[in-house]
Structures are given as structure tokens and as C-alpha cells.
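4 protein chains.
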Amino acid sequence: MKTHIAGSDATSIRLRGRDLVEELIGKHGFTEVLYLLTCGRLPTPGEARVLDACLVTLMDHGWTPTSLIARLAYDSAPGQAQVGIAAGLLAVGDVFAGTMDGCARLLAEGIDKSDKVAWCREVVQAHRTLRKPIPGFGHPFHKPDDPRPPRLFRVAAECGVQGHHIALLRALGEAVDAGYGRHLTINATGAIAALLLEIGMPVSIMRGIAVVSRSGGLAGHLVEEQQTHAAREIWRITDEHIPYEDPPA
Amino acid sequence: MKTHIAGSDATSIRLRGRDLVEELIGKHGFTEVLYLLTCGRLPTPGEARVLDACLVTLMDHGWTPTSLIARLAYDSAPGQAQVGIAAGLLAVGDVFAGTMDGCARLLAEGIDKSDKVAWCREVVQAHRTLRKPIPGFGHPFHKPDDPRPPRLFRVAAECGVQGHHIALLRALGEAVDAGYGRHLTINATGAIAALLLEIGMPVSIMRGIAVVSRSGGLAGHLVEEQQTHAAREIWRITDEHIPYEDPPA
Amino acid sequence: MKTHIAGSDATSIRLRGRDLVEELIGKHGFTEVLYLLTCGRLPTPGEARVLDACLVTLMDHGWTPTSLIARLAYDSAPGQAQVGIAAGLLAVGDVFAGTMDGCARLLAEGIDKSDKVAWCREVVQAHRTLRKPIPGFGHPFHKPDDPRPPRLFRVAAECGVQGHHIALLRALGEAVDAGYGRHLTINATGAIAALLLEIGMPVSIMRGIAVVSRSGGLAGHLVEEQQTHAAREIWRITDEHIPYEDPPA
Amino acid sequence: MKTHIAGSDATSIRLRGRDLVEELIGKHGFTEVLYLLTCGRLPTPGEARVLDACLVTLMDHGWTPTSLIARLAYDSAPGQAQVGIAAGLLAVGDVFAGTMDGCARLLAEGIDKSDKVAWCREVVQAHRTLRKPIPGFGHPFHKPDDPRPPRLFRVAAECGVQGHHIALLRALGEAVDAGYGRHLTINATGAIAALLLEIGMPVSIMRGIAVVSRSGGLAGHLVEEQQTHAAREIWRITDEHIPYEDPPA
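Chains as they are written, first to last, in this note's numbering: chain A, 1 to 249; chain B, 1 to 249; chain C, 1 to 249; chain D, 1 to 249.
These aren't lab readings, by the way, just hints derived from the structure by calculation. There could be a bad hint or two in this list.
Computed cross-link-like contacts, DSSO-like style, restricted to lysine-lysine with a CA-CA straight-line distance of at most 30 Å [stated by the list, open to error]:
hint, chain 1, residue 1, chain 2, residue 2
1, A, 27, B, 113
2, C, 116, C, 143
3, B, 116, A, 143
4, D, 2, C, 27
5, D, 143, B, 132
6, D, 132, D, 113
7, C, 132, C, 116
8, A, 2, B, 143
9, C, 27, D, 113
10, C, 27, C, 2
11, C, 143, D, 132
12, D, 116, A, 2
13, D, 116, D, 143
14, D, 132, D, 116
15, B, 132, A, 27
16, C, 132, A, 132
17, B, 143, B, 116
18, B, 132, B, 113
19, D, 27, D, 2
20, B, 143, B, 132
21, A, 143, B, 27
Some chain B residues well away from chain C (every beta-carbon gap over 10 Å; in silico) [as the list claims (entries may be wrong)]:
hint, residue
22, 22
23, 23
24, 27
25, 64
26, 90
27, 109
28, 116
29, 122
30, 124
31, 125
32, 142
33, 230
34, 234
Simulated DEER-style distance windows between Cβ atoms [what the hints assert, rightly or not]:
hint, chain 1, residue 1, chain 2, residue 2, range
35, C, 229, B, 79, 30 to 38 Å
36, D, 227, B, 78, 27 to 35 Å
37, A, 10, B, 133, 13 to 21 Å
38, C, 249, D, 9, 41 to 49 Å
39, D, 164, C, 145, 48 to 56 Å
40, A, 181, C, 118, 41 to 49 Å
All C-beta atoms in this analysis are idealised placements derived from N, C-alpha and C, irrespective of residue type, glycine included.
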């Protein structure tokens with residue numbers, strides 16, 4: 001067995017067949033090398049800009065389980081940013097932030113159908129029958145429309161992606177509105193799923209992209225935590241609002 | 001108490017006083033927004049390029065505790081990239097990858113001394129007396145010289161940083177060689193400490209930057225793990241090389 | 001909202017309605033208080049002994065992803081046992097060690113059927129049709145029979161449990177052998193699922209019991225790691241057996 | 001290199017030289033096997049009862065960073081108890097719950113001094129000079145006295161331990177009161193440090209014991225979280241009490 005990710009000897013370090021010092025440092029940014037490591041080749045400038053747009057979109061949204069946990073864990077391990085960030089990232093998952101997989105799987109399946117309108121209708125019908133939400137649609141706060149998808153689609157267009165997956169997501173959106181008889185917004189994770197597919201990123205990698213992005217937001221939270229010690233306040237108000245009581249007999 | 005990191009309402013999301021959709025997505029990349037979240041303002045293009053160079057340098061080095069752990073944890077939680085990455089990041093710390101803090105603290109202390117040559121000599125003398133390694137110097141594999149620092153210094157120069165911290169690190173390097181009577185290389189974490197100080201990053205944030213960078217490398221490892229299942233091989237060879245034996249009576 | 005788990009004031013600490021100092025410390029052991037915290041009442045001596053038998057069974061099995069990860073993480077964070085143990089526990093899950101849930105859900109469903117033999121036959125048939133393994137059966141190393149289930153059943157009988165879930169698991173085992181035309185052992189997680197149901201533990205708690213048990217095994221591994229530094233050896237042999245190679249062009 | 005923790009073959013599993021099925025399951029409880037795995041031999045009944053008392057003392061105290069984090073992480077990974085418990089355990093450390101190490105190191109150092117009264121006086125003097133708290137003394141809520149140490153000392157006496165470390169801790173307590181001119185309580189971690197030394201547990205293992213104990217408390221919290229969803233409430237009240245505001249210009 002071999003690994004093709006990275007290796008080093010006394011005088012050089014190689015990443016995916018590239019010399020770190022000669023070919024990457026100072027020549028390609030973090031986003032480009034992230035693409036190299038996950039997709040196996042350096043991205044075009046347009047692909048890199050699309051990936052940057054997706055990464056920036058997911059970095060932070062203020063108080064969420066990820067940031068609450070990171071603050072509390074860092075307060076218990078001062079100076080150990082890896083403990084705060086790792087603990088917080090454990091809350092990225094099937095419930096929050098790690099949910100673009102579902103939409104991406106759907107789009108990857110539909111992209112080769114000859115009659116896409118019919119396929120969209122069937123997908124909506126199937127989810128309604130099972131009373132399951134369609135991944136990539138709806139948002140608890142951003143109503144009627146999540147402001148991020150239109151911006152992401154515009155960036156993708158500027159970057160010259162082919163746009164087939166984005167078009168399919170929009171078509172699915174029309175079928176959703178028709179099928180449910182009311183408007184459900186395409187949400188940020190839906191749009192990101194489409195954009196990442198446009199730049200050739202395999203579905204199985206997307207959760208990891210969300211995790212990397214969020215680690216950056218958590219770094220910001222840890223900086224503020226050093227100053228405000230919000231963790232102590234979160235603890236105090238929890239104690240106050242959810243007091244202990246002996247269980248009912 | 002307030003938070004100034006991020007917040008949202010029905011129609012907008014704000015990060016550190018900026019509108020995510022209008023001002024950031026598609027206009028600033030991940031590296032720039034990471035700087036915004038941790039340092040409180042958007043970086044100049046030169047600062048962003050220096051930060052990118054530091055992030056890229058630390059992303060991955062092949063088999064290390066971080067990548068071994070990430071592979072093993074992901075194999076136990078397939079599809080849950082956050083589990084693999086979080087577990088792996090817990091190995092960033094005082095021993096590996098999280099070690100630029102020490103060198104940065106030293107440089108931040110020395111930068112205001114009037115007689116820097118004398119200060120360098122004293123620092124070397126103090127560490128020799130305590131038989132403690134000087135943070136930022138020496139490398140187990142890269143001998144005589146770590147190939148990354150010269151490249152990082154060149155990038156910094158191209159980006160027009162002032163260079164005072166880099167000059168201090170070089171001066172310290174000369175004092176190290178003189179004091180120990182042999183050449184010890186400035187290593188990558190030493191160079192990164194100097195570069196991050198050049199772009200105004202507080203010492204208390206640097207560990208977090210290393211964690212964010214490494215999360216990108218781990219994303220690459222998880223992609224390969226899906227194909228090669230190295231975790232099973234690591235398990236198998238450990239069983240073979242470190243067998244169980246009843247304890248001696 | 002209230003919490004009924006634990007609370008304290010200046011002079012006392014209460015756990016689930018009990019005074020920690022007056023009623024628990026020195027009067028009830030860890031296993032009994034674990035039952036109190038998870039099931040809401042103190043166990044009978046028999047129930048406590050059954051839970052102890054289950055906890056002891058899962059504590060450790062030598063090299064597994066949990067112990068490999070714990071060793072590697074602890075080597076990177078010396079003296080920080082919480083980092084080693086937490087990292088290792090992340091590998092308890094759907095693949096390893098956390099698998100009694102599936103068998104327990106099956107048994108909980110079958111226990112109320114009037115014709116249990118028919119139900120067992122149907123369960124086997126359904127899993128064969130879907131080509132899915134039946135949770136609680138089969139073992140990669142322990143063939144023809146896992147040595148733990150007979151011992152666990154004996155302990156349960158000595159402790160005076162009713163035995164309905166154990167009987168159902170045995171009946172399912174006969175249906176498995178008949179349905180597959182060859183013998184598949186009841187494995188440890190299957191037996192533990194039945195025993196925990198016998199002492200009234202809800203299915204939704206069982207994964208947590210496995211995690212607590214395994215934390216004890218990992219504590220043992222960290223003790224040995226302090227002496228042998230196996231992590232460094234695991235790293236070295238991985239480097240040797242899975243070398244880096246540039247990706248094929 | 002060998003491991004002496006655990007191993008298995010087709011028909012048996014061995015832990016530290018014992019046959020799991022024949023010698024441990026149903027014959028020794030979790031606490032005894034934890035002692036076996038960490039200390040290398042089975043404990044006497046008295047030693048086991050002392051260890052049980054220590055484990056029970058640390059299991060849970062209601063809302064603390066550990067329980068807050070575990071609740072939030074579990075809410076994001078429903079059914080994955082290992083994620084909730086592992087995330088929570090990361091908050092056991094130098095700040096909370098993992099603090100018996102310091103007191104134990106102190107006692108282990110003092111136990112061989114011929115003039116213990118003088119040694120106690122010096123320790124107090126040294127800490128006062130350095131303005132450092134003496135580990136094992138003082139408590140933010142339990143004043144004037146932590147109710148747990150007297151109970152723990154009574155259990156230890158009933159179990160027939162020699163009592164030299166407990167006597168030393170008491171002597172240190174008298175020197176503390178005299179040196180500071182006011183009463184500082186011996187706290188639970190101080191008492192536990194003394195008790196664990198009495199049963200021959202190495203200082204380097206104690207942090208791990210705290211982690212194992214706390215994992216049991218967190219299992220209880222996850223059970224309640226399934227019913228009350230306190231995590232959502234913690235999130236909601238944090239949003240309310242610590243709102244986002246654009247940073248000051």
C-alpha cells in the first residue's frame with residue numbers, strides 16, 4: 001500500500017506530486033492546495049474562486065452548537081486551540097452544517113437523466129410521500145429567501161462554470177414550489193452542493209469541506225473568547241434557566 | 001455581554017461588521033476572511049499572501065499523529081468527516097505542529113529591545129543553562145537546513161512586510177550557531193512565527209491558525225482513506241509488530 | 001425547564017434525588033451510580049452485577065481503533081488523559097463496539113410477539129433478502145463460538161433475571177443457524193443487548209454504556225503508553241509499510 | 001515491543017494476564033478491572049471500595065462545561081453517545097475536574113520527609129510567596145467546608161488503608177489555615193488525591209480516573225437530553241443574552 005497525499009525526505013516535502021517549497025508556498029493559496037489535496041490536481045482560477053465562495057459562506061453564523069462548544073471547551077483548556085476547535089467541529093454533522101451531502105447526492109443522480117423536469121417532479125413526489133424534507137431547501141430564519149444562493153450562483157457564473165448542476169437545482173426548486181403549493185427557498189447548503197459539483201468535487205468530500213471552513217470560524221470565536229469569557233456567562237445563565245430539581249417521586 | 005464575531009437576521013448575515021453576502025462571498029477568499037475573523041479587519045493583499053504561505057506550509061506532512069488518528073477515526077465513522085478531522089486535530093499541540101507559539105513569544109519579547117544582539121546572546125545562554133531547546137530551531141529530519149524558511153522569507157519580502165521580526169529571527173539564528181558551536185536550522189514553525197508577527201497576528205491566535213491549516217490536510221487524508229483503507233492496514237501491522245503477551249509474573 | 005441529573009448548593013450535592021455524601025459515597029459503587037444516573041433508580045444487587053458483567057466484557061480487546069487512537073493522541077498531549085481517552089472514544093460507533101443498539105432494537109421489538117418462532121424466522125428471512133448481517137451474530141475471530149455470551153448468560157441466570165430477552169436471543173440464534181444453513185455465533189454485543197434489556201435499560205442508553213466501559217480500558221492503555229511509547233512505533237511502522245509515492249500521472 | 005494490556009485469539013481474551021471469560025466477567029466488577037488495567041493487579045476489597053468512593057465522588061455535579069458540551073454535541077449527533085461523551089470529556093483538564101494531579105504530586109513528595117510539619121509549613125510558605133493556590137484546598141461554593149472529604153476519609157478508614165497520605169493532607173490543611181490566617185477547606189480533589197495514593201495508584205494515572213468517572217455522569221446527561229433537549233434551550237438563551245453587535249469602529 002502507498003499514500004499519495006504527502007511525504008518528505010531530508011531536503012524536500014511533496015504534496016500530491018508537487019514540491020511544497022518550489023511549487024506551492026507563495027505560489028498557490030490555502031484554497032488551491034485544499035483543492036489539490038482533495039481533488040488531486042490544482043484548480044483553475046475560476047474553480048478556486050468558486051471553492052473560496054463556498055468556504056466563506058459556511059465559516060460562521062454566530063451562536064450555533066459548534067461555536068458554543070468551542071467556547072466552552074477552550075475555556076477549560078486555555079491556550080489549547082486544538083481542543084476548542086476539535087470539540088466544536090464534532091457538532092458539524094447530519095443535523096447542522098454538514099448537510100450538503102444529501103442535496104449533492106440528489107443532484108449527482110439527476111444530472112444524467114434525459115427528462116429532468118420529470119425527474120424533479122418525481123423527487124418532490126417521493127419526498128412528500130415519505131414526509132421527508134428535500135435536502136437543500138427551506139430555512140428556519142431566512143424567509144422567504146436565503147440571501148446566499150443568488151450570490152453564490154452569480155459568483156459561479158462569473159467564474160465560467162458550466163452551470164448544469166445549478167440549473168438542475170433551480171429546476172428542482174420550481175418543482176418544489178409547485179409540488180408543495182408554496183415557496184421554499186433554495187438554502188445555502190443546497191447552493192453549495194451545486195457549486196461544488198460544478199467544480200468537480202466528489203460528493204464524498206463535501207462534508208470535509210464544511211469542516212475545514214468551520215474551523216476558520218471557530219478560530220475567530222476562540223480569539224474573542226480570550227477577551228470576553230462568554231463560556232462563563234453561558235454556564236451561569238444555564239444554571240439560572242435550567243435549575244436542578246429532585247426528580248418527581 | 002455582546003459578541004462581535006457573527007450574527008444573522010431574516011435577510012442578512014454579518015461577520016465582524018461586514019455583510020457576508022454583499023461584502024465577502026465572491027469578493028474575499030477564505031484566507032482573507034480568516035484574517036478578518038481572527039484579527040478584526042480585512043488584510044492587505046500582501047498580508048493575505050503571507051498568511052496563505054503560512055497556511056500552505058503547515059497543511060500536511062504525510063504520516064504524523066494527526067493523519068494516523070484521522071484515518072483510524074474516519075474508518076470507524078465512515079462518512080463523518082467531522083469525526084476524523086476533529087480526532088486528528090487533537091494531536092496538534094505542544095508536541096507537534098502547535099509549537100510556533102513559543103518562538104513567537106520569544107520574538108515578541110525581543111522586538112523592543114534596544115540591543116538585540118545582546119538579547120539574542122542572553123536568550124541562547126538562558127536556554128543552554130536550562131538545557132531547553134530554543135523554540136523555532138532544529139529539525140529531526142531536515143538537515144542541515146529546513147527548506148521552508150528561506151522560501152517563506154522570500155515570500156514575505158515580495159509582499160513588502162517590514163521584516164523586523166524576520167531580521168530578529170535571523171539574528172537569533174546567528175547567536176544560536178555561535179552559542180552551540182554548530183549550525184541549527186531555523187525551522188518552519190520558527191519562520192511562520194516571524195511571518196505571522198509581521199502581519200500583525202497576536203501570539204495567542206497562532207495555535208488556532210495551525211489547527212485551521214491542518215484541517216485542510218486531514219480533508220485530503222480522508223479522501224484517500226475512502227479508497228485505500230489504510231486504517232485497516234495500520235491496525236493489522238500494529239497487531240503484528242506489538243503483540244500481546246501476559247505481563248511478567 | 002429543569003434538570004434532574006445533579007445539582008449542588010453550599011453544603012450538599014444531589015444526584016437524581018439522592019444526597020451524594022450521605023447516600024452514595026462509600027455506600028454504592030460506580031456501577032450502581034451509573035445505573036442510577038441512566039435509569040433513574042438504584043439497581044438491585046443482581047441488576048448491578050449484570051451491569052458490571054456487561055461493562056467488564058467491553059472494556060478492552062487490545063489493539064483496536066479506540067486504543068490505537070488513544071495512544072497516538074496521548075503521545076501528542078502527554079499528561080492530558082482526557083485528550084487521549086476522548087479521541088479514542090470517537091472510534092466507538094456504528095462500526096466497532098457501539099453495535100449493541102441494533103440487536104437490542106430487534107429484541108425489544110420481538111419480545112411482545114405472540115408467535116416468537118415465526119417472528120425469528122421472518123427476521124432472518126428479511127435480513128437474508130436484504131443481504132444485511134443480523135446484529136448480534138457472527139464474529140471475525142471467535143469461531144465457531146464467541147466465548148463471552150455463555151458466560152454472560154450464566155451470570156444473568158445467577159443474578160435471577162427473568163430471562164425472556166435472553167431466551168428470545170437464543171431462539172433467534174436457532175433461526176439464524178437454520179436460515180443460513182450454518183452456525184453463526186451469538187456475539188458479545190448480542191448477549192450484552194439481551195442482558196441490558198433484562199435489567200430494564202432503555203435501548204437508547206446502551207451506546208453510552210459501551211462508551212463508559214471502553215473509557216476504562218483506554219485508561220489502562222494510557223498507563224502503558226507512558227512506559228512503552230508504542231505510538232512512536234506505530235508511526236514508524238506505518239511510515240515503513242505505507243510509504244509516500246507521487247501519484248500516477 | 002509488546003503490549004500487556006489485552007489480546008485475544010480464537011477462543012479466549014486476556015486482560016493483563018487474566019482470562020476475561022473465566023476469571024473476570026461475573027467475578028470482578030468494573031471498578032476492580034479498572035484497577036487491574038491501570039495498576040497491574042486486582043485490588044483487595046478495601047482498595048476496590050476506596051476506588052469506588054473516588055469514582056462516585058467525581059461522576060457529576062450538574063451544569064459544568066463537561067455536561068454543557070456533552071448536551072450540545074449530542075444534540076448535533078443524535079444517537080451517537082460517543083460524540084457527546086468524548087466532546088464533554090475534553091473539558092476535563094487543568095481547569096476543571098482534572099486537578100487532583102497537583103495535590104497528589106505534592107503529597108507524594110512530602111510522604112518521605114522526616115519532619116512533615118516543617119515540610120507542610122514550607123509548602124504553604126512557597127505557595128504564598130508565588131501567590132499560587134495550593135492544589136487540593138479551597139472551593140468556590142462549598143464554604144466553609146466541602147462536605148465530601150470527611151466522608152471520603154471515613155470510607156478510607158473503614159477500608160483499612162494505612163492512612164499516611166490522608167494524615168499528611170490533614171497536616172497540610174492545618175499549616176494552610178495557620179499560614180493564611182483563615183480556614184481553607186480541603187476539597188474533593190485533594191481528598192481523592194490522598195485516597196488514590198493510599199491504594200497505591202501512581203500519580204500519572206489519576207487524571208485518567210477522573211475522566212472515566214466523568215464519562216459515567218455524562219451518560220446520565222445524554223439520557224436526559226433525549227427527553228428535554230436542553231441543548232436547544234442553552235442555544236436560545238445564549239443568543240438572547242449575548243447578542244451580536246457590529247464591532248465598534
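Structure-based check of each hint:
1. 27(A) <-> 113(B): 35 Å, violated
2. 116(C) <-> 143(C): Distance ~27 Å between residue 116(C) and residue 143(C) Cα, so the pair holds.
3. 116(B) <-> 143(A): Since the Cα atoms of residue 116(B) and residue 143(A) sit roughly 60 Å apart, the hinted pair is violated (cutoff 30 Å).
4. 2(D) <-> 27(C): 39 Å, violated
5. 143(D) <-> 132(B): 42 Å, violated
6. 132(D) <-> 113(D): It holds: about 22 Å lies between the C-alpha atoms, which stays within 30 Å.
7. 132(C) <-> 116(C): 21 Å, holds
8. 2(A) <-> 143(B): 25 Å, holds
9. 27(C) <-> 113(D): Not satisfied, since the Cα-Cα distance of roughly 35 Å exceeds 30 Å.
10. 27(C) <-> 2(C): 27 Å, holds
11. 143(C) <-> 132(D): 59 Å, violated
12. 116(D) <-> 2(A): Violated, because 60 Å separates the two Cα atoms, which is more than 30 Å.
13. 116(D) <-> 143(D): Measuring from Cα to Cα gives roughly 27 Å; hence the hint holds.
14. 132(D) <-> 116(D): Answer holds: residue 132(D) to residue 116(D) is near 21 Å, not above 30 Å.
15. 132(B) <-> 27(A): The hint is violated at about 36 Å.
16. 132(C) <-> 132(A): Status holds; Cα separation ~24 Å.
17. 143(B) <-> 116(B): Given that 30 Å is the threshold and the Cα spacing comes to 27 Å, the pair holds.
18. 132(B) <-> 113(B): Cα-Cα ~22 Å, so holds.
19. 27(D) <-> 2(D): Given that 30 Å is the threshold and the Cα spacing comes to 27 Å, the pair holds.
20. 143(B) <-> 132(B): Cα-Cα ~20 Å, so holds.
21. 143(A) <-> 27(B): At roughly 25 Å apart (the allowed maximum being 30 Å), residue 27(B) and residue 143(A) satisfy the hint.
22. 22: Per Cβ check, residue 22(B) is outside 10 Å of chain C; nearest 38 Å; holds.
23. 23: Correct as stated: the minimum Cβ-Cβ distance to chain C is 37 Å, above 10 Å.
24. 27: 34 Å, holds
25. 64: 7 Å, violated
26. 90: Since the minimum Cβ distance to chain C is about 5 Å, residue 90(B) lies within 10 Å and the statement is violated.
27. 109: Label holds. Min Cβ-Cβ 26 Å, cutoff 10 Å.
28. 116: Per Cβ check, residue 116(B) is outside 10 Å of chain C; nearest 34 Å; holds.
29. 122: Check passes; 29 Å lies beyond 10 Å.
30. 124: 26 Å, holds
31. 125: 28 Å, holds
32. 142: Per Cβ check, residue 142(B) is outside 10 Å of chain C; nearest 16 Å; holds.
33. 230: 6 Å, violated
34. 234: Violated, because the least Cβ-Cβ distance between residue 234(B) and chain C comes to about 5 Å, which does not exceed 10 Å.
35. 229(C) <-> 79(B): 30 to 38 Å: Given about 33 Å between the Cβ atoms, the range holds.
36. 227(D) <-> 78(B): 27 to 35 Å: With a Cβ separation near 29 Å, residue 227(D) and residue 78(B) satisfy 27 to 35 Å, so the hint holds.
37. 10(A) <-> 133(B): 13 to 21 Å: 20 Å, holds
38. 249(C) <-> 9(D): 41 to 49 Å: Cβ of residue 249(C) to Cβ of residue 9(D): about 45 Å, so the range 41 to 49 Å holds.
39. 164(D) <-> 145(C): 48 to 56 Å: 49 Å, holds
40. 181(A) <-> 118(C): 41 to 49 Å: Holds, since residue 181(A) and residue 118(C) (Cβ atoms, about 45 Å apart) stay within the stated range.
Checked against the numbered hints above, the structure breaks hints 1, 3, 4, 5, 9, 11, 12, 15, 25, 26, 33 and 34 and satisfies the rest.
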